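S.K.: Next come the chains, spelled out residue by residue.
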Amino acid sequence: DAGVTQSPTHLIKTRGQQVTLRCSPKSGHDTVSWYQQALGQGPQFIFQYYEEEERQRGNFPDRFSGHQFPNYSSELNVNALLLGDSALYLCASSRIWDSPSSYNEQFFGPGTRLTVL
Amino acid sequence: AQRVTQPEKLLSVFKGAPVELKCNYSYSGSPELFWYVQYSRQRLQLLLRHISRESIKGFTADLNKGETSFHLKKPFAQEEDSAMYYCASLIQGAQKLVFGQGTRLTINP
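Quick note, the sequences are listed as chains A and B, same order.
Using this note's numbering, read the first sequence as starting at 111 and increasing by one per residue.
Using this note's numbering, read the second sequence as starting at 120 and increasing by one per residue.
Simulated from the structure, these hints should not be mistaken for lab results.
Since we're looking at a predicted model, the values are computed, not measured.
Negatives, chain A to chain B, calculated, CB over 10 angstroms:
id : residue
1  : Arg125
2  : Gly138
3  : Leu192
One side of the interface only, derived from the structure: several residues of chain B facing chain A at Cβ under 10 angstroms:
id : residue
4  : Glu151
5  : Gln157
6  : Arg162
7  : Gln164
8  : Leu165
9  : Arg168
10 : Ile170
11 : Tyr205
12 : Val217
Label pairs and their calculated CB-CB ranges:
id : chain 1 : residue 1 : chain 2 : residue 2 : range
13 : A       : Arg167    : B       : Glu198    : 36 to 42 angstroms
14 : B       : Ala120    : A       : Gly113    : 30 to 36 angstroms
15 : A       : Thr115    : B       : Gly135    : 34 to 40 angstroms
16 : B       : Arg223    : A       : Arg223    : 15 to 21 angstroms
17 : B       : Gln164    : A       : Ser117    : 19 to 25 angstroms
18 : A       : Phe179    : B       : Arg172    : 37 to 43 angstroms
19 : A       : Asn214    : B       : Pro126    : 26 to 32 angstroms
20 : A       : Asn189    : B       : Gly135    : 51 to 57 angstroms
21 : A       : Phe179    : B       : Thr179    : 37 to 43 angstroms
22 : A       : Glu163    : B       : Lys134    : 46 to 52 angstroms
All residues carry an ideal CB built from backbone N, CA and C; glycine is no exception.
Work the whole structure out from these sequences, hints included.
M.R.: This is the structure we're talking about:
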């Protein structure tokens, strides 16, 4: 099992463009979370997908959207790119939790480095 | 809003010396806290979580509700401990992690 995989590794875009990042979860996982990590900062939660629906969302504008496919893989889309969107985008997968008080470990991918010029 | 604070961006100690990485949290309920580590050229990975009360790679962390802290400690640092360390809090019911800004730990030979 290769674990969580993400593509592409690096990406360079210009302001106003749109970008799509991809994530394949670890085998046996059905939940995908996306995080943005700006330089020198910790990861910041964007949203989470389970059963092809967005279940949780962080404090990010609607320019950030996502999708989950029947095979549990996921995409993160960012429209109208801004310079401030330059960051490392991390995908994390897990199994859906059994109850609100339980927690199943999130496994992180290597990330996609997005540079907006 | 739930917040995790790591007051030190950089921490440098000598091999064999004790290490303490500080983490403070703000949460009104019962927090669940974690330490994640990222070694050079590797992905972010879970080091330990407070409810398991384990010692991983010689590291321990105790939840102090009175001081709202979850400091990471190791009595004798090793060079392979050099890495980026992130403290994180779980928003229960939401299964989303709130991370601190991280501390870069360097162990000098």
